[in-house]
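There are 2 protein chains.
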Amino acid sequence: MRFSKLKIKTLRDIKSEETSKGTTLLLRARYVVKVGSGIYEYLPFGLRVLQKISKIIREEIEKIGGIEIVMPALHPKKYWQQTNRWQKFDALFKLKSRFGQEFALGATHEEIITPLAKEFIHSYKDLPLFLYQIQTKFRDEPRAKSGLLRCKEFLMKDLYSFHRDEADLDKYYEKVKKSYQRIFRKIGLASIIVEASGGTFSKFSHEFQVISPVGEDTVFYCPHCHFARNKEIVTKLTKCPICDHPLQQVKAIEVGNIFKLKEQYSRAFNLKYKDRKGEEHFVSMGCYGIGISRLLGVLAEIYNDDQGLTFPKSVAPYQYHLLSLYSGDKKTDKKIKQAAEKLYDRVTRAGKEILFDDRENVTNGEKLKDADLIGIPYRVVISQRTLKRNSCEMKLRTSNRVRLIKLTDFVKITNNL
Amino acid sequence: MRFSKLKIKTLRDIKSEETSKGTTLLLRARYVVKVGSGIYEYLPFGLRVLQKISKIIREEIEKIGGIEIVMPALHPKKYWQQTNRWQKFDALFKLKSRFGQEFALGATHEEIITPLAKEFIHSYKDLPLFLYQIQTKFRDEPRAKSGLLRCKEFLMKDLYSFHRDEADLDKYYEKVKKSYQRIFRKIGLASIIVEASGGTFSKFSHEFQVISPVGEDTVFYCPHCHFARNKEIVTKLTKCPICDHPLQQVKAIEVGNIFKLKEQYSRAFNLKYKDRKGEEHFVSMGCYGIGISRLLGVLAEIYNDDQGLTFPKSVAPYQYHLLSLYSGDKKTDKKIKQAAEKLYDRVTRAGKEILFDDRENVTNGEKLKDADLIGIPYRVVISQRTLKRNSCEMKLRTSNRVRLIKLTDFVKITNNL
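Chains as they are written, first to last, in this note's numbering: chain A, 1 to 417; chain B, 1 to 417.
Hints in this document: simulated from the structure, not taken from any laboratory.
Just so we're clear, the structure is a prediction, and the values are computed from it rather than from any experiment.
Where hints are given, some of them may not hold.
The list treats identical chains as interchangeable, and a pair is accepted whether it falls inside one copy or across any two copies.
[Unchecked claim] Straight-line distance between alpha carbons at most 30 angstroms, and here's what the computed DSSO-like set of lysine-lysine pairs gives:
(1) 395 x 330
(2) 186 x 274
(3) 274 x 388
(4) 125 x 88
(5) 118 x 369
(6) 63 x 352
(7) 330 x 125
(8) 78 x 34
(9) 63 x 52
(10) 96 x 77
(11) 125 x 231
(12) 369 x 274
(13) 96 x 239
Let's have the full structure, built from the sequences with the hints guiding it.
Have a look at this one:
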């Protein structure tokens, strides 16, 4: 992608009252633009990160049997009345059509997927079933101050599982735990599994948290056996209830959560199956969420330094950021430009993701500052000095070690990275 | 994909009062499920078609310079007040948060993209600019009776262009016309360009329509020079105003539309640029829409026969539908099953899209009927008869000509299709 085509101008400062460092950097680097409190739009850099996270999630969730569908955001009132959550769910956006019908905006999808599952599930042979979607959710949050970490509109992956009994649900629940840890590891986040409030039907649910000083949550954590419990559900805990080691109190950011719903929704919607003998039973359910746009915020919160963002390779919008740095001498600069154009062309044709800062009327200093801010992993520089040796300089965004690479060898060498 | 994993059961009849033949077939074949009037959810077959249409659109729109972004569905009231459409836009869904803020649900995005463009556009050097998104739209439609053709919630591609003057807008507008015709052709639809109401600032806008007896629109059409005008904006027209040939009155389905907005929205939001001399001008705008979920409905409306759907290859959910037809003899059926499993495995590994009806306890007749209903282009059958010759039978869904193919040659032969 050519920078000049994007017409993006990064920002030195932002006016709005963002309290989150990560979101501030995302706004300055033009990954996102704020439309209103808790409402953002995604420019190409931000959208590409969302797409990369989504791809990792899709691959992993399909490995554990997930089948992708898409449910609507407009939910007829009757579904939410059936679970009594039309009144009880505080953050539910509600609206009325000009013809008098009432709708909720999907804040979560148990009310929609349980009736849908009745279309699939009749006998024990139809179980287990795993349905997921990547879709936009809406929640009427109080004046949001955490940037992308808590939005009124956000992108989410939600998986729902359907089982013949709790033993089968328990087995799958443990499988999802492992899958989630793989997902977060691939995205570049070391997550811990934290016991949290279980709601009506279970003792605990589980949150996936990333330890970080900027976290909203406080967690009691055992560095020895990795036991962790959210402070929300326990007043004071000093020793690990598993291995008796002293616990640490750490700040952490939630990146995913999983719940055993058991028969809560299958009873509300009368979702039953017939066993081998023809006897009817309620289906046991689990639900498993990952906030994808929230993850963009979490990544920015964790991966940054004084100069800007430092995204991991697996989710960075591009892998290479090519800069042509000019000398001021017309003849030399023409050669620099030609060499950069040729390299960009070659690397693009090789199928690599490269952002080429081909902007005119932008100083070398501005190009370098923008590259620091945007935080693409590999920076590739062509200047008078490198061109003398028919080379470019490549360095990792987070390192000072510079490597000189012959322009003709670039594709071959980066293939082996 | 294994049919058994989807747990889908097709329907012989549907209860709901769909008047559209296409949507009825999509419901029966389980591409979509109805959640409420004008609200559908997408099961794997339907979702795959949407993804294929989206891919074709992305490729073509990027060829004409489009840059992909995503804007929100929640629009703070102030943006819609600024254009006076908060009151004037009948089908606008409106809602109030529990904290008193008011929002519109995005029915279209001029009110959001014009302020966004102010972040990009300052000088003539920032023009032209082409931004598009693939995103969910919401419209408070009267009791919808056209299935997927007119929904309260639907998937849309909307492109917005920004120009220094009307001449540049006109040029790009013609470019989009060609791009749209390529898109529809690739999707399998022969579109005609129809003059329609231009709104406040232009004489005409243009609709892309597909001639079909089930169309909602009536169009005066010249089969000689392809002039066409929507009956909505003209009372009676018998001769072509371009070439004087007699006009036909035809029914047609709208699949896309394009508008010259000119300065309507740039004036409302004060979107200006500075020319070479430093003088300020309002930006000229165009907008260009394609309803993606609507296209799924249109395809089903046009591509069907007495047995079911007959999707074109470019957008069908899968290319091959593999059926193992059993003989009733245990030993033979074990061999059929093994051969089918092996072929499925080989074809999947070759990267081809194949749906394998591996269901047990389903009769051969039901498998064949489902294949007719679902309408995947190539049907591949393994039975006692074909296995005797180490082969399978392949036929196009829409043809009776059957081709016998050696199982070991299948990948090679289909590579050359």
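Verification of the supplied hints:
| no. | hint | result |
| --- | --- | --- |
| 1 | 395 x 330 | within (27 angstroms within a copy, 65 angstroms between copies) |
| 2 | 186 x 274 | neither (40 angstroms within a copy, 46 angstroms between copies) |
| 3 | 274 x 388 | neither (77 angstroms within a copy, 40 angstroms between copies) |
| 4 | 125 x 88 | neither (35 angstroms within a copy, 53 angstroms between copies) |
| 5 | 118 x 369 | between (56 angstroms within a copy, 23 angstroms between copies) |
| 6 | 63 x 352 | both (26 angstroms within a copy, 19 angstroms between copies) |
| 7 | 330 x 125 | between (74 angstroms within a copy, 22 angstroms between copies) |
| 8 | 78 x 34 | between (34 angstroms within a copy, 14 angstroms between copies) |
| 9 | 63 x 52 | both (17 angstroms within a copy, 22 angstroms between copies) |
| 10 | 96 x 77 | both (10 angstroms within a copy, 16 angstroms between copies) |
| 11 | 125 x 231 | neither (42 angstroms within a copy, 54 angstroms between copies) |
| 12 | 369 x 274 | between (64 angstroms within a copy, 26 angstroms between copies) |
| 13 | 96 x 239 | neither (52 angstroms within a copy, 47 angstroms between copies) |
When held up to the earlier numbered hints, the structure conflicts with 2, 3, 4, 11, 13 and fits the remainder.
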